[in-house]
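A.B. asks: Generate the whole structure from the sequences, applying the supplied hints.
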Amino acid sequence: MLFCAYKPLTNAIVAVKRNVIDCIPRNVLLLNKHSDRQISQYPVVDHHFDAVVVGAGGAGLRAAFGLSEAGFNTACVTKLFPTRSHTVAAQGGINAALGNMEADDWRWHFYDTVKGSDWLGDQDAIHYMTEQAPASVVELENFGMPFSRTEDGKIYQRAFGGQSLKFGKGGQAHRCCCVADRTGHSLLHTLYGRSLRFDTSYFVEYFALDLLMEDGECKGVIAFCMEDGSIHRFRSKNTVIATGGYGRTYFSCTSAHTSTGDGNAMVTRAGLPCQDLEFVQFHPTGIYGAGCLITEGCRGEGGILINSEGERFMERYAPNAKDLASRDVVSRSMTIEIREGRGCGPEKDHVYLQLHHLPPQQLAVRLPGISETAMIFAGVEVTKEPIPVLPTVHYNMGGVPTNYKGQVITHVGGEDKVVPGLYACGEAACASVHGANRLGANSLLDLVVFGRACALTIAETGTPGEKLSPLKPNAGEESVANLDKIRFAEGTIRTSEIRLNMQKTMQNHAAVFRTGDLLKEGCDKMDAIYQSMEDIKTFDRGIVWNTDLVESLELQNLMLNAVQTIHSAEARKESRGAHAREDYQDRMDELDYAKPLAGQEKKSFDQHWRKHTLSTVDIKTGKVTLGYRPVIDRSLDQEECSAIPPAIRSY
Amino acid sequence: MLGVLVKRVSLVVNRVYQVVLRPTLACPVSTRGYKGEASDDSRGDLIEIPLPPWTEKDGETMDMKRRRLLFQSRKRGMLENCILLSLFAKKYLNTMSETQLRQYDRLINEPSNDWDIYYWATEAQPVPNVYAGEIMDLLKEFTKNKDQEQRLDAPNLEYLDKGSQ
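Chains A and B supply the protein sequences, listed in that same order. Under my numbering, the letters of the first sequence match residues 1 to 651, in that order. Under my numbering, the letters of the second sequence match residues 1 to 165, in that order.
No wet-lab data here; the hints were simulated from the structure. Even glycine gets a Cβ: it sits at the ideal position worked out from N, Cα and C. Where hints are given, some of them may not hold.
[Said to hold, decoys possible] Listed next, the stretches of chain A that the computed footprint assigns to chain B, with coverage defined by at least 3 CB atoms under 8 Å from CB atoms of chain B:
id: 1; stretch: 77-89
id: 2; stretch: 193-200
id: 3; stretch: 288-294
id: 4; stretch: 532-544
[Stated by the list, open to error] Quick list of in silico lysine to aspartate or glutamate cross-link-like pairs, DMTMM-like style, CA-CA up to 25 Å:
id: 5; chain 1: B; residue 1: K57; chain 2: A; residue 2: E497
id: 6; chain 1: A; residue 1: K623; chain 2: A; residue 2: E460
id: 7; chain 1: B; residue 1: K91; chain 2: A; residue 2: E227
id: 8; chain 1: B; residue 1: K65; chain 2: B; residue 2: D105
id: 9; chain 1: B; residue 1: K91; chain 2: A; residue 2: E497
C.D. replies: Below, the structure written as structure tokens:
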């Protein structure tokens, strides 16, 4: 009996007990159409699992652990070792209304999140997330996560952007819980460790290629093992996508080189829509040049933004919250300062983040690492000089549309319809809790709450050991054909060139401030770049540890995300949250909330923009088709927590 | 006599110091009950929830090792390490000896927190003895960037394409 190629992370004896039914490799013969060389052969291994999770970041691990705990035989397929997922970069923290620093209420957190989303967030999902937040943090604490503590031993909570008390009227709230500056790593370490105790099977350094869809139902995932080049089909009744965001479509972003939107692309290739991709969050303080992130925690600990005149300009744009206003407000303010000529540096194209007025002891204890990053990537000594910063791509609010239970949905005939067998959580999903703009420290919360929600929904709707429906024997063939095509691609344009073209186009045409002509030009350029993928050239023909191949497949995924992002942005003729347009500077809701509502007539669905964008792509031509679905304005329980009606958003 | 005693005590102290700094343990320390009550990071979870220890891969040719380490240098948890390690790999990976490759393999794959590698490379934190060595020194020197080259992003892969040279 051949053991499947799988990393010996869990007990090898357990692997035999689990019903890995079909481990005998079968050869898939493919004719390479480009030349008459030898036929390429790819051994295929089939696996049967009760649930498959794609991605091992915070959301993926929480889902995998929850499923394993519920008795489901779970596989976690990941292209990176779990503790090396991009979640490890998170230094901010997790928001939860525990009330350790002052009296707090989750309904105030609910209000802050709804307002932060600029009323594009689905209030039922936001209700679910903010209500579950305190319980989730306590659960993590019980798992052994060593949160930073106050002197009395309670979890220390710090201020973070956009968080207020008493529905915005009670001043700054302190609800961000953290583990020194390594909250992300601690979360991964804790969840990974626990999931191993429940015998989750990890398939590390396996690149997921596509979903296995049949009759509109998701029946698993096909992936290839980088270590030996074998193809693996993970058949399952429940597939969870937790692949993270796609920052790498832009030239300047804070994301690692692993954020390539693999899950969004898999969903697009399956013919399903992605939601709200035009909403890309620009973090106000990315180091000018490299793009490395300076955490919002700096401003939470007292750092301020200044322009070339030495003025703390946020006092003008957000009199109450100042430097801790919501991220899109701060990014827009910084961009306005630069455009109006008050930028810093020889090109006047960035602003400064000042920390040297804070006591060095506080910097060293609460924000270690900032000094190193500033020195290595910007050549700046933080105790003496300010750091040059610029709004940099940081997070994708959009992604795979789901309901509040984590089930992936499509919108057919004016109704939301669940896609059987498919779930999504984390940055890859769009529940949508962040709407048009995400608040800091809500993302780690999103990961644990919705990772757990996916596991709970699967446990409710299925049973471990359920028999799988049959799958066509050649399912996944197109994915392998595509892999082979890219591996032997002999066009004229290198992968890195196409990637740079895409990144520069997105950076120039779909950045913080957007305008009609620039976006239209960008759409045309992106369409041409998409077509240029036909002419791609790769150089590494091997199958084992072929980084060139992996980066080219990632480029295919990025391309799908990029075209949908820019076309959705061009179509949305308003400014909302992170999507700011110079030619349409106001929000276009169904009613004008800046004026008294009495006597106003509600605009019809086609005439206003308070709706989610749903985008699909014709893979061959690259043509993007857009549709829309309404925002969910009811909370889960109107008595427990009344929904917040839209209002003008000011800080 | 006193000298011998002092030496013994210092040996014990040294060993305890090394054990505490070791990021992963081969077996759990069960009766600690340590929940990280200190106001700064106690790394309690590293002690209470030990992950399976890293082991070296057997039966890999040097060429395969280099290819694997290239992927693992370029794909890290955060941008800082992506840029630093992929530039480092571009400069040194193809000329490393077998011992150096094994040192590098351990350095980038054993620590569970990517930030730790960054802090050691930037000398913000002391390097644990298990990772000290030739490769760590090379990395620290490389990070200092004495030639002040521009470090805006990770390099493209085409430097590996023999056909283009």
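A.B. asks: Indicate, hint by hint, whether the structure satisfies it.
C.D. replies: Now the hints, each set against the structure:
{"no.": "1", "hint": "77-89", "verdict": "holds (count 10)"}
{"no.": "2", "hint": "193-200", "verdict": "holds (count 3)"}
{"no.": "3", "hint": "288-294", "verdict": "holds (count 5)"}
{"no.": "4", "hint": "532-544", "verdict": "holds (count 4)"}
{"no.": "5", "hint": "B:K57 x A:E497", "verdict": "violated, 35 Å"}
{"no.": "6", "hint": "A:K623 x A:E460", "verdict": "violated, 38 Å"}
{"no.": "7", "hint": "B:K91 x A:E227", "verdict": "holds, 24 Å"}
{"no.": "8", "hint": "B:K65 x B:D105", "verdict": "holds, 8 Å"}
{"no.": "9", "hint": "B:K91 x A:E497", "verdict": "holds, 21 Å"}
When the structure is compared with the earlier hints, violations turn up for hints 5, 6 and for no others.
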